[in-house]
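2 protein chains.
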Amino acid sequence: MALEHLFQGSALNAVDVKGRVSVPAFLRSVIERRGDARTIVLASHESFPCLSAYDPAYAALKHAKLERLLEKEETNPAAQLEYQQRNLMAFAATEEVPYDSSGRIVLPPMMRRKGSLEELALFLGAGETFQIWNPAVFLKDRNVPENLKDIARYRLEERGSSA
Amino acid sequence: MALEHLFQGSALNAVDVKGRVSVPAFLRSVIERRGDARTIVLASHESFPCLSAYDPAYAALKHAKLERLLEKEETNPAAQLEYQQRNLMAFAATEEVPYDSSGRIVLPPMMRRKGSLEELALFLGAGETFQIWNPAVFLKDRNVPENLKDIARYRLEERGSSA
DNA sequence: TGTAGTGGCATGAAAACCCATTGTATCCCC
DNA sequence: GGGGATACAATGGGTTTTCATGCCACTACA
Numbered sequence: 001m002a003l004e005h006l007f008q009g010s011a012l013n014a015v016d017v018k019g020r021v022s023v024p025a026f027l028r029s030v031i032e033r034r035g036d037a038r039t040i041v042l043a044s045h046e047s048f049p050c051l052s053a054y055d056p057a058y059a060a061l062k063h064a065k066l067e068r069l070l071e072k073e074e075t076n077p078a079a080q081l082e083y084q085q086r087n088l089m090a091f092a093a094t095e096e097v098p099y100d101s102s103g104r105i106v107l108p109p110m111m112r113r114k115g116s117l118e119e120l121a122l123f124l125g126a127g128e129t130f131q132i133w134n135p136a137v138f139l140k141d142r143n144v145p146e147n148l149k150d151i152a153r154y155r156l157e158e159r160g161s162s163a
Numbered sequence: 001m002a003l004e005h006l007f008q009g010s011a012l013n014a015v016d017v018k019g020r021v022s023v024p025a026f027l028r029s030v031i032e033r034r035g036d037a038r039t040i041v042l043a044s045h046e047s048f049p050c051l052s053a054y055d056p057a058y059a060a061l062k063h064a065k066l067e068r069l070l071e072k073e074e075t076n077p078a079a080q081l082e083y084q085q086r087n088l089m090a091f092a093a094t095e096e097v098p099y100d101s102s103g104r105i106v107l108p109p110m111m112r113r114k115g116s117l118e119e120l121a122l123f124l125g126a127g128e129t130f131q132i133w134n135p136a137v138f139l140k141d142r143n144v145p146e147n148l149k150d151i152a153r154y155r156l157e158e159r160g161s162s163a
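Protein sequence lines correspond, in order, to chains A and B. Taking the working numbering as reference, the numbering of the first sequence is continuous, increasing by one, and the terminal residue is 163. Taking the working numbering as reference, the numbering of the second sequence is continuous, increasing by one, and the terminal residue is 163.
If you're looking for bench data, these hints aren't it; they were derived computationally from the structure. All clues given are correct.
In silico negatives: residues of chain A with every beta carbon more than 12 Å from chain B:
no., residue
1, V15
2, S101
3, P109
One-sided excerpt, in silico: chain A residues whose CB lies under 7 Å from chain B:
no., residue
4, Q8
5, G9
6, S10
7, S47
8, L124
9, G125
10, A126
11, G127
12, P145
13, L148
14, Y154
For each residue, glycine too, the CB sits at the ideal point set by N, CA and C.
Sequences are here, hints too, so could you generate the full structure?
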């Protein structure tokens, strides 16, 4: 693995009535340095009630990794089944969306629901991927450490809102 | 780990009205010898009320180390959660900022607040990373040894201020 | 013909960039 | 050893570019 360009930093952007959001420029620049795509892949996160997002090149990498794991356990039926499940998760349960010239994506309704996204979207860099949260959900979540919540509080305050 | 080039030395620089600070040249030279980036990563320090700073290559190293730990414990859900939290701390709670041709960065407002930075910034080499302090906070902190405070006193005196 | 989804354009704010000045340390020549 | 001259570091200010986002126009399908 070990990608050269990593997602980091945070931002809070508005979701408009049509479900469009600007993907922060500093995240887009990582996507474009990793490959030459202008699309992002959305998935619901494995551990948190939010969306996980990454570039198509990373999706391919993830797939290759899964395949290698499978080959090692070729004779084990349980591993076969698990592979099939994970493979479906990685591809069927994701959506690839392009962003336009001004860096905006349209959140697909299913993803918008999965991430409980309303009118604000909190973007968090997470190294190989990044996350998209509803800031209110983020603040309530028991598994999110307090000093991380400070980020959300700061971003909300900066925006003049206190929701 | 074991990086070849280490951050050392100290300096006291001004923060201007726009929140800009010159990163001391001797620290920049370490960054550029470690990789070819002209950016630094800022984070709030784990133990001290100051900022921790390092180069992107070091961030990548830190990430790789975390990943290796995770792979050993892939089946353990508690370990998964802890990994997710640490990963977010390492990437969402940090900001990468470029420095311009004259070696200046702009302190992002969130970091400026986290580090309680006002109009003076004390840079301290710390080996693999370096720290950025508000000198007044540094002098007041009970966990900072007296002979270290002498550095800050000297730098302040050198500058003609006594704040 | 109304409505919903998409793409492009315009705006205001903020960030990145560039140039100029000051101060300091270093070097060289006298 | 003294006195410039030079190079580099730090800082101040102004200008251009980019970003996020609201707005409008177009297409498609009902």
